[in-house]
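So the sequence lines, in the order shown, correspond to chains A, B and C.
The first sequence stops at residue 1693 when you use the numbering used here, and every number in between is there.
The second sequence stops at residue 172 when you use the numbering used here, and every number in between is there.
The third sequence stops at residue 402 when you use the numbering used here, and every number in between is there.
Simulated from the structure, these hints should not be mistaken for laboratory data.
Idealized CB from N, CA, C, for every residue including glycine.
A few of these clues could be false.
What the hints assert, rightly or not - Derived lysine-lysine pairs resembling BS3-like cross-links, with alpha carbons at most 25 Å apart: (1) A/1337 with C/385; (2) C/231 with C/253; (3) A/1337 with A/1480; (4) C/252 with C/363; (5) C/298 with C/132; (6) C/231 with A/1337.
As the list claims (entries may be wrong) - In silico contact screen, one side only, chain C against chain B (beta carbon under 10 Å); selected entries: (7) 222; (8) 226; (9) 319.
As the list claims (entries may be wrong) - Short, incomplete list of chain C residues facing chain B, as computed with Cβ under 10 Å: (10) 105; (11) 108; (12) 109; (13) 142; (14) 143; (15) 144; (16) 348.
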Amino acid sequence: MDLIANLFANLATGFSVALTPANIGFCFMGALIGTLVGVLPGIAPITTIAILLPFTFTLPPSSSLIMLAGIFYGAQYGGSTTAILVNVPGESSSIVTCLDGHQMAKKGRAGPALAIAAIASFVAGTIATIVIATASAPMTWLALKFNAAEYFSLMVLGLTGSVVLAHGAPEKAVAMVLVGLLLGLVGIDVNSGSPRMTMDLMDLGDGIGFVPIAIGMFGIAELAVTLGKPQDRSLLAVKLRDLWPSWAEIRQCIPAMLRGTTLGSVLGVLPGGGAALSSFAAYALEKKMSKNPERFGRGAIEGVAAPEAANNAGAQTSFIPLLTLGIPGNAIMALMVGAMMIQGIQPGPQVMINQPDLFWGVITSMWLGNAMLVVLNLPLIGVWVALLRVPFRLLFPAIVLFCCIGTYTANNTVFDIWVMLVFSGLGVFFYKVGAEPAPFVLGFVLGPLMEENFRRAMYISRGSSMTFVERPISAFLLLLTVALFVVLVLPAIRAKREEVF
Amino acid sequence: MTLRINTPDLAFAVFLIALGALALALASPLAVGTAAAMGPGYVPRGLAILIMVYGAVLGVRALFSGRTAMPAIEWRPLLLIFGAVALFALLLPFAGLALTSFALVICAGFAAYDVRFRENAIAAVILAAFAVVLFVMALGLPIQVWPW
Amino acid sequence: MLARRTALGCALALSALVFGPLPAFSQNFTKQVHIIVPYAPGGTSDIIARIIGPKLSEAIGQPVIVENKPSSSGNVGADFVAKAAPDGHTLLITDAGTLATQPNLVKKLSFDVQKDLVPVTLVMFSPYLFAVHPSVPVATLQELIAYDKANPGKLNVGTSGVGSIQHLTAIVIAKKYGLKWGIVPYRGGAAAVRAVVSNESNVIFNGALATQPFVVQGQLKGIAVSGDARLPATPNLPTFKELGMPIVETGSWQGFLTSKGTPPAMTARLNTELRKILAMPDIEKKMAELGGYVKTSTPDEFAGWLTKAIGDWGDVVKVENISLD
Chain A
1193 MDLIANLFAN LATGFSVALT PANIGFCFMG ALIGTLVGVL PGIAPITTIA ILLPFTFTLP
1253 PSSSLIMLAG IFYGAQYGGS TTAILVNVPG ESSSIVTCLD GHQMAKKGRA GPALAIAAIA
1313 SFVAGTIATI VIATASAPMT WLALKFNAAE YFSLMVLGLT GSVVLAHGAP EKAVAMVLVG
1373 LLLGLVGIDV NSGSPRMTMD LMDLGDGIGF VPIAIGMFGI AELAVTLGKP QDRSLLAVKL
1433 RDLWPSWAEI RQCIPAMLRG TTLGSVLGVL PGGGAALSSF AAYALEKKMS KNPERFGRGA
1493 IEGVAAPEAA NNAGAQTSFI PLLTLGIPGN AIMALMVGAM MIQGIQPGPQ VMINQPDLFW
1553 GVITSMWLGN AMLVVLNLPL IGVWVALLRV PFRLLFPAIV LFCCIGTYTA NNTVFDIWVM
1613 LVFSGLGVFF YKVGAEPAPF VLGFVLGPLM EENFRRAMYI SRGSSMTFVE RPISAFLLLL
1673 TVALFVVLVL PAIRAKREEV F
Chain B
25 MTLRINTPDL AFAVFLIALG ALALALASPL AVGTAAAMGP GYVPRGLAIL IMVYGAVLGV
85 RALFSGRTAM PAIEWRPLLL IFGAVALFAL LLPFAGLALT SFALVICAGF AAYDVRFREN
145 AIAAVILAAF AVVLFVMALG LPIQVWPW
Chain C
78 MLARRTALGC ALALSALVFG PLPAFSQNFT KQVHIIVPYA PGGTSDIIAR IIGPKLSEAI
138 GQPVIVENKP SSSGNVGADF VAKAAPDGHT LLITDAGTLA TQPNLVKKLS FDVQKDLVPV
198 TLVMFSPYLF AVHPSVPVAT LQELIAYDKA NPGKLNVGTS GVGSIQHLTA IVIAKKYGLK
258 WGIVPYRGGA AAVRAVVSNE SNVIFNGALA TQPFVVQGQL KGIAVSGDAR LPATPNLPTF
318 KELGMPIVET GSWQGFLTSK GTPPAMTARL NTELRKILAM PDIEKKMAEL GGYVKTSTPD
378 EFAGWLTKAI GDWGDVVKVE NISLD
């Protein structure tokens, strides 16, 4: 009872901070700027936050954090818009949204796809806010239990599940995961400091950029292929009354949203890269739970709802390590630490005790920001969909232009544009030979994390591979991997065999 | 016996083998180490070999898995869009964002079979102006606008 | 904010249209100045650049643009500045990693820090806090040495990367006291702190202010601080100097540099303006909040500092035979 009374008292404190007119204004501004920036492919929210940072020095700490957080989740949502409408993903989570979201758009259902993305994000955001308010302590405990061995086992589990992502031939999906793993290793090796497979190009020192790969393989390659067959696009011009999903569809998506939220909330809290997995995992889970998995990859609405929910829940819970431990889970959180320090706040457990208004204000503003995103974006859906009615011959040069500018600004170098071009070419090739890029991207993102954590775990255990099974969480994850392999992968391979022979 | 070649599968297999070989060559100077104490070259080399073997298996299978032709490639949109991207990369450091954007839109516009000259030129001017206003003025991104 | 940017941009576009390219006078600023940060947004160098940028813009009457060019441990951004036009309009802000350890570690570097870059001024210095995870049963350096002798292989130092100052510091200290601890590189200082707080590794040397809160709250246990002055927040922690430890002056520092061939008058003007800005009370306060204190210098002093730092860390690298290519 005390717990619940406390929770309400805390939330009341929070709302008294977040609901001041000024803070509502900053929250709205953040969400708006974030959405607009997120829509632009390749312009990372981190760039925007960095640019706005000096401006926030003049604001009170709570306002500045509320606004910066607003940019962060606004951008998460804006990225999905571009993924759905024009198949251009700016980050790993949008890639999953591309799979079914863009297929829906191609069938004239961009409106329902965008709407379900907004609804799923809001549902997930609401639940995740409650999770942060009530379960920060156990989540923090979990985050601290994840060491190198656990991360490695988690990545193995993720990769095993990744084969489910493909809707075509599983043997090609496996090959694409391997290729992704290999290319993910390009760059300076964290464990030894040596540059690997960089062909002596300094620009490859930090590896092949994610943005040029994603934009090239999905955005540009897709354009180059579909322009050859213009009749595909006729369906894009939709009637305005088709903007909303039906009630039946929303009901169908509710379990998907809840599962996605759960996965996202748990994975988002892991500071060493669990977040990268969340939307992929949510999508794979939905596909396996579905009675007719063959709809996935061809415009299944749950295929949009689940990863969007997972992504947004993860974006929220990634604040937990920052707020409770002072540990930034990703680059954006690191920038938030910078912002807090310049305001004279040391992030960490004492924030909750010494500055409860700040702590709870930021948490309640997350919910407020999610509510604003819905208010902001549902009317915008009409605008976005109307954009698709611009003749395609005028729309696509704009897409190419924005892709190029976005890729350039990620690192301010034209080198990345050449990388994008190479991966556009590869994307066209993969399309023509029937190999799907999504498993490639998952391999690319997880590969370096997997190797890095494996070698680190082995080093710390001084060469004993028993560390992976001696540590309970790691052992559990590996057991889950074996189970997943037996349940999912073997039947898939066997079914395929029967088809072939 | 005539070969029943699945060309797309074979092309993918050849790609895998070539990529594996390239990676193997690039990773050759890196120390391999042992499974317990891996060097930087251990995983790249292992993956490269795995990919080559995998590619070889797919390749052999493709030779007998039924005749399938490679889907046709529409060269005009492909080359013009890729050309527009290349143009952007070449011009941006010298010509600035405004002129580069203009050139990109003009070039990319011709990728569409139903391109209209005047419309394309107008679109190029509008998009170039929009890009400068949005990215440089509103977002404050560090991109040079003019050649000087 | 946005309006001001727009106004600046418009003014710039207009002046460019009206005046065209202007001849460069030796110490006046004729066009926008770029501060190149060779790391991704959010690091210390980036935040310093973004704090100083607007003030510098006011001082020189030209827009100042902060540009991140990350990759290759800062070498890509530094190379860009080394090859930029020698007119003092392209500045580099970076840290000891790019300036003192990379030149010793990477033989194939495409530029020479001392020959191709012109020092302008030092900006900031932050001492390291030497701390362990609370589960390690030691409270002093002596106890730590004894613990390592009794439990070889139990201690692991989390560092911000192979060849970083943190990494080299751990090597030097291990050598001096015969420690057998392992050294585990991470992707940057924040990841290393995460690892040590979660007991994946259990020893850390990291920028004082970023590490202090963890010590104050008991998530980490402090052993000592580098430098020769105790820190106000942790007055009970002895300094490296008091303990007679090696490399007393280890820590992280940042500085401004510009391109080779920049006229000395221009470098002098930059030095004057930057030092004026760094002496402002609000800037000093922000630097303190970032974990260090303002430390400025003349261009010549900075050049001397670089020579010493590159030489000192070079000795460590040579003795330990560390190489990255």
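Against the structure shown, which of the earlier numbered hints fail to hold, in ascending order? Numbers 1, 3, 4, 5, 7, 8, 9, 10 and 16 - these are the hints that the structure violates, sorted from lowest upward.
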